[in-house]
Structure formats: structure tokens, C-alpha cells
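*Asks:* So the chains spell out like this:
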Amino acid sequence: MATVAITIEGVPHEVDDRRNLLDICLSLGYDVPYFCWHPAMGSIGACRQCAVKLFWDDDQQGEIVMSCLTRPRAGNRVAISDPEALRFRAAVIELLMTSHPHDCPVCDEGGECHLQDMTVMTGHVYRRYAFDKRTFENYDLGPFVTHEMNRCIQCYRCLRFYVDYAGGHDFAAFGLRNEVYFGRLRDGALDSEFSGNLVEVCPVGVFDDKTFAAHYTRKWDLQTGPTVCPFCGRGCNTIAGARYGELRRVLNRFNGDVNGYFLCDRGRFAYESVNGPERVRRPLVGLSGLSASELVRGLGARLESALGERRVAVGARPRVARPRPVGIGSPRASLEANFALKRLVGDDRFFLGLADGEHTLVERAVALLRAGPSPTPSLRDIEAADLVIVLGEDLTNTAPMLDLSVRRWARLRPTADEERLGIARWNDAGIGMVKKEEPSALWIAATQAGKLDEIAAETFHGAPDDLARFTLALVAALDPKALRRPPKGLNAGAARTVARFAAALRAAERPVVISGVSSGSLPLLEASAALARALPGAPPAGAAPLALVVPEVNTLGLMLLGGERLSEAFRLAVAGDVEVTLVIENDLYRRAPAAQVTAFLRACGTAIVVDHVTTATTAAAAAVLPAASWAETTGTFVSHEGRAQRSIPALAPPRPVQPTWRWLSALAAAARLPVGQDWLTLDDVLDELARERPDLAPAALAAPPADARFVAMKIPRQPTRYSGRTAMHADVSVFDAAPPDDRDTPMSFSMEGYREQPPAALIARYQAPRWNSVQALNKFQEEIGGPLRGGDPGVRLIEPPAAPGPPPPVPTAPPAFRPASDRLLAVPLHHIYGSEELSMLSPPVAGRAPEPYLALSPGDAARWGGREGAPLPVLLHGAEKLHLSLPLRIVASLPEGVAGLPVGLPRQPFLDLPAELEIDHESRHV
Amino acid sequence: MSYLRGLWIVFLHLFRRSDTVQYPTQMNYLPARYRGRIVLSRDPDGGERCVACYLCAAACPVDCIALQATTDQDGRRYPAWFRINFSRCIYCGFCEEACPTYAIQLTPDAEMSEYLRPSLVYEKEDLQIAGTGKYHDYNFYRVAGLAIDGKGKGEAECEAPPADLKRLLP
Amino acid sequence: MINNVESLCCVAPIVRLGAERWRSLGLTDEGGTRMYGVSGRARRTGAWELPVGTPMRELIERHAGGMREGFALRAVMPGGASTPLVPADAIDVIMDFDHMKQAGYGLGTGTALLIDDSVCPVGLCLNLVRFFAQESCGWCTPCWAGLPWMVGVLADIEEGRGRPEHLDLLAEQMWFMGEQMCFCDLAPSATKALGTALKLFRGEFERHIEEGRCSYRERGPITGAGSAAGGRPAGSGTATGDRRPGPGPAAGGLPGLAPDRVR
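Residue numbers (this note's numbering), protein chains in the order written: chain A, 1 to 926; chain B, 1001 to 1170; chain C, 2001 to 2263.
Treat the hints with caution; some may be incorrect.
Stated by the list, open to error - Just some of the chain C residues that point at chain A, by a computed CB distance under 8 Å:
#	residue
1	G2138
2	G2146
3	M2181
To be verified - To spell it out: a stretch of chain C is covered by chain A in this simulated footprint if at least three of its residues, at any positions, have a beta carbon under 8 Å from a beta carbon of chain A; those stretches are:
#	stretch
4	2128 to 2136
5	2174 to 2180
For the record, the hints were derived by calculation from the structure and aren't laboratory data.
For each residue, glycine too, the CB sits at the ideal point set by N, CA and C.
Given the sequences, and given the hints that come with them, work out the whole structure.
*Replies:* If you want it as C-alpha cells, here you go:
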């Protein structure tokens, strides 16, 4: 690597000779057109659009080169506006336009189309091609992505992304010359969980968002906000776009430390729940609707009396102590909402609203991360790894973007071979060829096969306890002193597997361990942390980074805030110790067995639920207050990395809907509590959080405060070309209404404000002069692929302690898994479409979720006489005995004695897994 | 003397024809390109021309046009609703210039006064006309690549039939 | 899979005779022998094993017996479709790699495709460019998008719909398919033959455009340009506005491009 001196357009620059000229020019702000190059996928040299003139030393002739494939050499002179280069680039556009259909007015890409931008940039205007355009038939690619192949310009980006980076198998290029066709072999939904990225990767309108097409809006008409995806614990950054008071679409928001350039399909297409019929839009009290203020007054009075012991009326008889209200928080509510509730009810009456098993695991996970020495890895840390080991997590379904990030890492990680051959990091074809021959550096141990197995060096399948034992065996192999007693009784096959895994781990210099709580196994969680401790890592930690996947967007934030167990709240209620209960954004029927929840809701006095969707819990509540959804509320969410990120909405919800913490503030005011009286803006809540919990104070820094101004202006959520302002509500009232006021962020709900680039946490739109498509992101980064100017958004809340603490307790291996003769161990199976609550309210996502089923190994299926697809009655011995009759799915990779049950599906009761399962013989023979 | 001459000229005007147009009995001549009331025209085949591309709304300098696109079962894109607030419209004609399908046109009709301001908000049914307006020959769907009922892939004016990807010959 | 049969066939004699002896069989430094072929309207077409460095004139006049009665040589295509044409007055060139390259041509496959005065140069170019357009892989834009356009333009000229700006267009397209501009050598090779043909036979192209017809058709379609239109007789061009679908697969035409579509 060297810094070389070159000139670009006559201006001298010192540049890194490992990069290519296109990357360099774009990073320096020069506008060079391109199509097939992609900042996340490197160069292939197919489109020829990025041609520039290159002069060597004193040469006056120069040659046309493709800047995406050219490294800079000392003394090079690059002429972007050389007349020959200009002519050639315009010619490339002319050639691409020969068969391009006359579709712009009806094409969803129009207004954010990279081809439109490049056509204008090259100056081609006059059509000379006088022959017919080649055409194609389209396929139905499923509910997410449209297909309109006439528009294709053969840049190959879709193929490269889908096959090379996302590892999809049902997509290919057919045909040749000017008839290359990209798509499936026949109609059918695209299989990859990342197919939605085709929408952004395709520079024209071949692949567009089908859910968006149903209510299409031009990019210049969208009111956008920088949101955080609410559907899993990864915390990917997104841009939500709204129009006419409805959420219209979700695009990727670049964050080099979290999700980079891509999103999973759930995050992109599951937004319809915000617009859906399940939304709570008015306060509900039984079946009658009170006005919001009436309800709050009434509830406030209840609360006040419930909190009566806190006030002593002067001169009155001392009152009998009344039971204080109970507050149940939620891992899908923001940090501010949960904190507000905790302040309202008091630390000892704040319950976390997690399933019991999950509570244990997440509590332990947070303790492990806080104790260190392993740091949590950001995306960049994972990309720099030379080995990744995944323990007990089906990443494709529990943290989908981690799956894609691991795949990307697997393809792009630098190797000795590539060094030796001098293959540049951006030389996509070269890397692809060399990588085919190289051994994989991904190692997986899980209960059953997952999609990542196909790129792994090896996978080990076993029951959760066996996975823990396997992991501890690895620890013992790496650091014999770490364990008191290595696990005994591993069979010869497993021992050889351990040896292979251990050999790879030993050779790694920068390994990363990925585990989590999804398996439901505490021993495995402990073992993963022990493995990370036993592996080398960068100073000062000295231990390998450990990523622990948690299920929901704010699970980690909630646990950091801290609170009691939900089962304790149940106990209190049943004991008669509760008069008023406040539940925020939580469906308790997803957290505990139905019988327990129903008993609780009957015994908990007045149940006040603040939520944005109707659930089984809201149906049983005394009063429901309409909360703003994730796309309408500003809030801080802490990802599984421990990164506090601010989600800023695209929409202002119409009254009486308002953010949860404002409801709590209103209730506190109505109950005349000393708490929450000065919570006028979100910053007030965060200030109090910082005071009460200095360890969480950095969360306030996740975004600029609400009073931040930029040259005395706010940041506009609407672009300058936002149209229809004087007509869109004219059917309701012809008089222009003032835009809503946003007191919680420095952003405005109008087009007025600061037009230059805002700070990274407030970027709600990628648009720059001459760049109207998502490619404009290039202008917001310091250098292509690098962090946004000012640093990627988000603040890490968990760092390993500076001084090494006391040595952590040494985990003991659980006994080997030996299934009882008539019982199986049911483990949880997660589904990207199905297991998460909010995304399932979105019809396109719900359509792809499986129906409940029971998975058995082939041996077990044979033993119990089950046939694929036929229902099998079972009895689950969880927190409650559950009789279920489920169709059988035979999964070859499941270990004997282990059964799999999908969790979180809508028409399923709460499943407390892992738990013992027996085949219900009596029901079978009836 | 000059005022006598002035009086004489005024006297002569008694016998000259006046330029007064007795509106509303007589109508003033407005050329075809006069920028008056806005209409949404139809194509020569009778279908709605507007494809809800949003360009008119974007071009409008006073943001007085709002619409929402949708698609019918034939695959034609059209506006589910289309609203112009004529109390804001300045009759500049930018929308007509922006329209790629000759759908929105300004017509020589200046008689738009209303007593109530909300009456100046025109919905799609108030704007749609039955004819082609000022441009008689253009049907966007005949040249677009989008397939609609009655015009499949490869059947537009400058298109070859769809490529057969499964043929074995080169 | 055998890559080059001719090279492999040389191995046996080299081994038998020894490298020195085998090399001495050639007339120039490159040494050895080659199969030289002649096709076209020569008295004797065929392939002969001759010493490397045989002059082209010897190959054509001595071995192939010169042109048939009534046909005059105009140009020779030496190495397959990707090489520049050798004009008839330059056939004294020595047929080995270096000499051909120095002279501005290329040895290529070592053949001599004889272009006589009954061959329509426009049709010849159309045939060649159509071949390359069909073989384009579809990777880089100038090739997959530019070659079909050139096929259309050449077909227009050949069938009498040519316009003066078409020649400029062809020249421009050839520049777009330069070696630096494309990913591989297919498109640049396609333009090599076309480039020399345009230079040598510019007059023929201009005549097609001026006269609005191909004057060679009276002698019968030879070059296969007529196959684009399914062998229509000369003079039956399409009427204005007449829509005809592109040539089907059996005709070997380029689907997606209907060169007989009148614009």
C-alpha cells in the first residue's frame, strides 16, 4: 500500500494506490458516471460507463481506461472531462438507451433512477437508433419485488448481489448479447431473505418494491425520517417514507457499523402494520370511546388514588397504605418509554415484560457483556475478522442481517492467496475466482441445519446441551487451564470434530464469536462467552469479540434499564397486591402461558395498556391508549451490539395518537405525581435518564438534541420539490394547515430548513445535485464505503471494563443430552417471516410465514410413525401442559431426540421452550 | 386648439364601431393555446391519458396539484384521485409542459369564478373530459414498454416480439 | 478438449525431424510449415501445407490457380473474420505473423478468403458483423448494444434504405468498439474487417446509399445478406409503415432487431 501523487482534472491529489480511480474520484467529489460498479460489491468492468482519459507521465496522447478497474500509479493524470472520454460516456448511454422502453412516466424508479441521472450527466439527448427495441416477458417474483425486464441495461448488479453476495440459488442470467435476462426460471417468490436489496441495487426499474407500487409515490414527494428497523435486535438503520399520512416504504439507511448498504426483506417490506386495521387510533374503553382527555383524567384519578400512600393530606387521618401500581415494560418500546414507566411506578414495581426463560438468558447475556473482557463487534469488526464461529443461532432467521454480513465477510475477507496474487479488494471477479478455491473460515454449531451451512467449513449439529459441551470442549482444547474439568464422554466422531474446529480456531488471529439467546440454552450462552475469552483479540480487551443475538429491537436496552421478572408481577396480582397496572407496547400473551396471563389480567385491577396495535392484551384491558407506532415516535433503541440509536419518525401521528412516554407523562400529570411533570420534550426524558442512570447517559448523544439548529434552521423531512401542499387536504379544508411541530427532534415536518448535509444521525434522504437515486449516498460518506461524515450514527453503551475484573466463574459442562425413551426435547425454531409480532401484521410478510408444524429427525419420525405433512398430536411439558396437533416436517439435520417447534407464530399459544415433548399416543389412536 | 381637436376626435368616435365585446352575450376570442381551465384528456382510443406520473405536481410552482397513482386490472396506471386547487393555480401551464402523455392541458376557458373558495377545488371527475383536447394523435401506451390488456410485451410501436430465452439456436 | 488442432498436429513432425530441421522448413525466421487455405472463386480451393513465409500471391496464383474465369480479385481476408482485408494490389505480402502485422494485417488462421468483384462488400460486412453480433456474450455495452445497431444500419444500406449519415454512424460505432473500450477482443475484431472494408470499398457503400439499392443483386444474392429478409428478391423492399417481425431463429437473424423495418 502506498500513497501516490496523481492529478485529477489538473488538481494534484495524494491517493491510496489500493483503491481504483472511480472510487477515488467519487470520494473526492468528482462526478464520474457508472453502473456496474457498486461500493459494496466492487468492480467488474461490464458497463464501460466510467471511462476516463488516463495520461502516463509526459504522454500527451492518453488512453481511455475504465476508472473502476484502474489503479492509480504515480504520475498519472486523470482527465474526466477530456472530450474523447465525454464522447465515449455519452455513447455508452446512447447504446444503453437503444432498447430502453419509453416507460419513465409509469416506472417506479423515475425520479430516483440512476439511469436518468447518468443520462443527464453525460449529456446524451438525441435518439438516433431507429430500429426496434428488444423486449422480454416478466415473471412474478413474489410479493416483494416486481419484475420488468424491458428496462434492463445489463449491468449484472442483480446477479452479483443475489448469487455472489446473498448466496441465493433461484436467480440467474439467461441468454446473451443484447438479450441477457435476469430472473428466475419460472414464476415464484424469490427465496433469499435479502431479495429486497435488488430494489436498491438495480439502477433502473427492473426490480422495484412491489409493496410500494400498491401506493406509489415519487421520491421527491416522500416525507422521510431516519428510523431504526423495529423487527429484530440488530438495529439496522432505515429511512421510512410517508405521504398523505401513511407510511409508504422503507429504504436502507447506511450505517457502516451496523447494516452497511443492505437490509433484510422483513425490515424492508413489513411496514404495512403501521397503516393496517390493527392500529389503535383512539383511546378504547371497553366498546365506548371516550375522548383522550376524558380518559386520561379518569385514569389519572385512578392512578392518583392508587398512589395515595405517597401523599398525606394535611390534617386528615393517615391513610392505609394502598398497593402501588405495577408497570410492565416492553422490549419493543423505546428506552424513553420504558424509563418513563419505571420512574412512574418506581424501581421495585417495574417489570420487564419478557418471557421468564428469555429474562434469565438476556440478564445473563448483559452481565457477560458488561463483565467483559470480550467487546461486542460492530459490523466493521466482523468484516475485519479472519474466522467467524456461530454457536446455537440460526442467523438467517434470528438476526438476518448478520447472515448477510457474514456472507459478505466470507467473500471479501482478505486472504493470503489474494495477497500473493495481488488481487485488489475491489476486483470482484478476481476475488470470486480465488475464493472458490479457498477453504471457508466460517464454523457453525447449531441444533439443525441453516442456510449459512452451505458456506461453512463445517457444521456441528446437536441438542443445546451438547452444543454447550461441544463449545466447552473447544475451550478446553484452546486453553486447558480455562476449565476445571473438560466435558467428558464426547464420542469419537464429536471428538474429531472438536479437533478440526479447534485447529482452525487456534490458527485464527482475529476470530469473532456469534451466539445469542435464541436457542434458549443458558449453558450454551455461558460456553460461548468462555470460548470468546479463550480466543485472542485486539488490545486492550485481549479477548475475541462476542456478539450475542437478542430477539427484539430494544431487548438489550430494556435489560440495561433493569427491572423485575414478569412472573413476579403475576404473583403480586394473584396475591391481591395490585390495583392499577400499566402495560406499554407488550402483548403479554406472547410472554407467558395464556392461563397465567388471563389470571393476571383479571387480578391486576385496572389494566391500562398503551400500545399502537390491538393485541390479545389490549382486548382484555380496561383502557387502551393509542401509542404512536415505530414510524411515528422518536425513541432510542439499544441493539444487540449495545449501540444506542435514535429512531426519528417520518410521520407525525394524528391526534389523539402520541408517543408512549407522552401518555405516561399525561397520566402522571393527571395523577398529580412529582414525576414526569417537566417532560415536555424527549430531551427532558433523556436528561432525567442521564441523571438517574449515568451508565446510560450516552444514549442521549445518539442524535443531536431537539434544540439543535443548523444556521438557525431545522432539518427538513421533505425535499424541496415536495408537491401538492395546497391541494392534498383541500377536500377537507381549502385553507392551508400549518405543518405539525416536532418538539422532540431538530427536524421539521416541512420542506423548509437547512438544505446542506445534516449530521449523520439526521440523514433522512440521499439526494445531491445531479444524484437523485440512492447512489447519492456516495456524497454523504467521507470516502466510498467508509463512515458517514462525522461518523456513523449510534453510541455504544457497553464497553469491556478498562481494568480486568475478577476472573469470571468457570462454566461447568452440562451432562450429555440423553433423551428419555418416550420424550423428546423441543427446541425453538425461528422464522424470519412468522416469529416476530409486528411484521406479521403486514400482509406480504404474513403470506410467507409457515403454518405451525412439528419438526422431527428422520429417525424419530420413523419411530413415532409420523408421515411428512400428517398431523401428529403432542403434549408439551412446558410452564403449562399444552396439547397440540401439528403437521410433521422431517428435518434431516435434527439430532435424534430433538424436536423443533416454530415460535412466535400468530395462531399459536405461547411456547415455553426448550421443554420436553411427548407424542400423545392416546389422541393418536382415537 | 388642441382640446378642440380632441373633442372632434371623440365626436368622430360616435360613428366608429366600438371594440366592446358584449360579454356574456358575445364571447371574446381566445386562441387554442390560451392558458385557461385545466382538463385531463383522453387518448384517441378513449382511455384515460393520465398515467399518474406526478410530473405535473412536481412542476407546479404553487403545489396546487395532488394525486395518487394506482393500477387497474388491465395493468394501466391511472390516478385514483386527482385534485387541483384552482384558488391557488396561477395558470402558468408548467403542468401541461411537464406532462409526458398530453393528458393535462390548459384550455381557452377563463370562466372559473366561484363564490365559495372550496368550490374552486376540482376533483378528477371535474377535470376529466371525453375527448383528446388539443392533441389528437398521441396514446402513450402505444409507445411505452409496459404491457397492458390489449397490448402485450413486444406489441408497442417500436418493439420486437419478446425474446425466446429457451430456444436452442443462437 | 483440444484447443488448436493445427498446433498439435505440428508436434509429431517436430519430434520426428527435430526442432532445427523442422524450423528450417520455413522460409522466414518463424520456421516450420502451416496449413494455408484458400476459399472463394479460385480455380482450385483447398488447403495446402506450405512453408511458413509463403507470399500470398504464390498461394493464390500458384497453388489455388488464380481467379476463375470472369472474376477479378478485389481483396483478401486472411485470417478469419477478425482480420483486416488485404487489397488486391498488396497480395505480395509474406504470410507469417510478423510480416503480416508489420504490413498492418494479421495472419490469424492463415487462410485467404478471396473477395472478388461479384461479392457485394456491403453484404459481406453485414454478414460478418451479424456473426459477431450473434456471438457477443452480453457483458460490455459497446459490443452487445453497438453490434446489433451496426447490423441494422448495414442491412439498411444493403437493402437500399441507406442514408449518408449512416457511414458516419458506422465510423463512430467502430471507434466506440476500440480495444480499450471493450472488455474483450470480439467487438474490436468485428470492427477490423469492417474498418478496412469501409476504407477500401467506400465507393461501394456510397453507391448503395445514392442508388438506394444493391447493384450486386442482379448477379444473385451471394453473401447471405438476403437471408435476413428470408431470401426476398431484389427490389421488394418493405413499404413504409409495414410492420414485419424480426427474422426468426431459423434464418439466423438477430431477434430483437428487425433490420427490414422501415423507419
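*Asks:* Now tell me if each hint is right for this structure.
*Replies:* Hint check results:
no. : hint         : verdict
1   : G2138        : holds, 4 Å
2   : G2146        : holds, 5 Å
3   : M2181        : holds, 6 Å
4   : 2128 to 2136 : holds (count 4)
5   : 2174 to 2180 : holds (count 3)
Going down the numbered hints, you'll see the structure goes against none, and every one checks out.
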